[in-house]
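From first to last, the protein sequence lines are chains A and B.
The numbering of the first sequence is full-length UniProt numbering, which starts it at 1 and goes up by one.
The numbering of the second sequence is full-length UniProt numbering, which starts it at 1 and goes up by one.
I should point out that these hints are in silico values taken from the structure, not numbers from a laboratory.
One or more hints might be untrue.
One copy or two, it doesn't matter: identical chains are merged, so the pair holds either way.
[Claimed, not checked] Under the rule of at most 27 Å between Cα atoms (straight-line distance), these lysine-lysine pairs were calculated in the BS3-like manner:
no.	residue 1	residue 2
1	K197	K62
2	K221	K20
3	K60	K224
4	K62	K124
5	K241	K119
6	K60	K20
7	K238	K92
8	K238	K220
9	K98	K220
Since this is a predicted model, take the numbers as computed values, not measurements.
The lines below spell out each chain.
2 protein chains.
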Amino acid sequence: MKTIGIFYKPTLKDIAEKFKKDLLFEGFDVVYCNEKLLNIEVDLTLVLGGDGTFLKAAHKVKNPLVGFKGGRLGFLSSYTLEDFEKFLFDLKENNFVKDRRFFLKVEKFYSLNELLLIKDPTQKMLDIQVFFQDGSFYFHADGLIVSTPTGSTGYSLSLGGPILLPNVSSFVITPVAPQFLASRSIIIPDSEEVLIKLNQKSNLVLDGMGFGKVSEVKIKKSKKKIIILRPKDYDFSKSIKEKLGYGKKFL
Amino acid sequence: MKTIGIFYKPTLKDIAEKFKKDLLFEGFDVVYCNEKLLNIEVDLTLVLGGDGTFLKAAHKVKNPLVGFKGGRLGFLSSYTLEDFEKFLFDLKENNFVKDRRFFLKVEKFYSLNELLLIKDPTQKMLDIQVFFQDGSFYFHADGLIVSTPTGSTGYSLSLGGPILLPNVSSFVITPVAPQFLASRSIIIPDSEEVLIKLNQKSNLVLDGMGFGKVSEVKIKKSKKKIIILRPKDYDFSKSIKEKLGYGKKFL
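Chain A extracted, bound-state conformation:
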């Protein structure tokens, strides 16, 4: 590992500069990756910011990522900004495990967290049909979300979905404000292709970004993935407990 990229949330520019100085001192080449991915190949990209920043970086870079978050851990960050010394130690000792996260492929686009189909505020409710290998479901609802395990702690959770451990090989599908009682989530193997048909064009949103209006989309697991480097003593449940207060002992 020789060249390290830094992708930072604009408000964390000062800390990015401090990280850069320390890395140069340790003998690494350092480049900032915020604007574009340059022509310089980096071996590893440090991401300074929350999960939103990490998501942006994940769409931009192909090399492994390490996340640093201010305050408490993020779901995608393994270190806090205060942990930089610990990171340097782990880097020198190669004290990492690789945490692979796959993207959804939605037609020709990619999404790390989720696909959301959602009506406009004054649009009528949608008739949504979801087709998979062994059948189909129908929902009359404001929309539908298909989330990866990575996305299951994001908007999918807000919509009532369960938490998928990162190493689960499934998607989770949840209708948004469905009519009648069909509000449960469905877990489907990520080896399946899912076809969704709407009775009227509506908004396609991938990782929070708009991709116009569609009346039909095909979804499958992509070969595209990111690799997050985690310290060997990393504990996934810790970020769930810290951020959500879920599964935590209250004293």
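Starting from the structure of chain A, add chain B where the hints point.
Showing chain B alone in chain A's frame:
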């Protein structure tokens, strides 16, 4: 296929006898399997009854099963009692796909649907710790359920859990009446071993049957499985729509 067993819900004895007569007429040997599994090996067992009867049969026999339910489909039955002619046709044409369902192994016991740890009505709430590969969760709750995909449409669903398609390789864990807001389910790969520790002995219930009181259990996917024969045109989502009214078009 030469010898066919019949396992029936006691109230369906007359229909079982009609099935037997028809099968004998078609040249098969037929044995009833209700009491014990005899010394006679059967090639296939027909189960007449609902999912409760099917569950009992699943614990008893090792050969493939075909379920027949009165009225509408069950989750485990692929035919209704009225479909016997269609079944005979499928049997002669070998028009089946094999639907494999794995058991949970809970210490030295087996469970097809779920493991439930639950306090007695007047017992204090339990402190429950769930350990898995990448961490642990803690719940202060009346109990906890660990369900297979097969069990996800049963008691796990009543407790707020999602629906897992039968070919999902995961368990779903849901606390029962947890304190604070930790009521979401967790999806965990079925390749993991789960250890559950309680602060006080409480009831272990597997597929609805009591197995005494425990303060600790280890759970993993068992190699033990059942094979359900389904007609090739079987559609899993149909039973969800028929039985739960979930994902169904209301006209």
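Outcome of the hint check:
{"no.": "1", "hint": "K197 with K62", "verdict": "neither (32 Å within a copy, 41 Å between copies)"}
{"no.": "2", "hint": "K221 with K20", "verdict": "neither (36 Å within a copy, 47 Å between copies)"}
{"no.": "3", "hint": "K60 with K224", "verdict": "within (12 Å within a copy, 45 Å between copies)"}
{"no.": "4", "hint": "K62 with K124", "verdict": "neither (40 Å within a copy, 52 Å between copies)"}
{"no.": "5", "hint": "K241 with K119", "verdict": "between (33 Å within a copy, 24 Å between copies)"}
{"no.": "6", "hint": "K60 with K20", "verdict": "within (20 Å within a copy, 66 Å between copies)"}
{"no.": "7", "hint": "K238 with K92", "verdict": "within (24 Å within a copy, 56 Å between copies)"}
{"no.": "8", "hint": "K238 with K220", "verdict": "between (30 Å within a copy, 23 Å between copies)"}
{"no.": "9", "hint": "K98 with K220", "verdict": "both (23 Å within a copy, 25 Å between copies)"}
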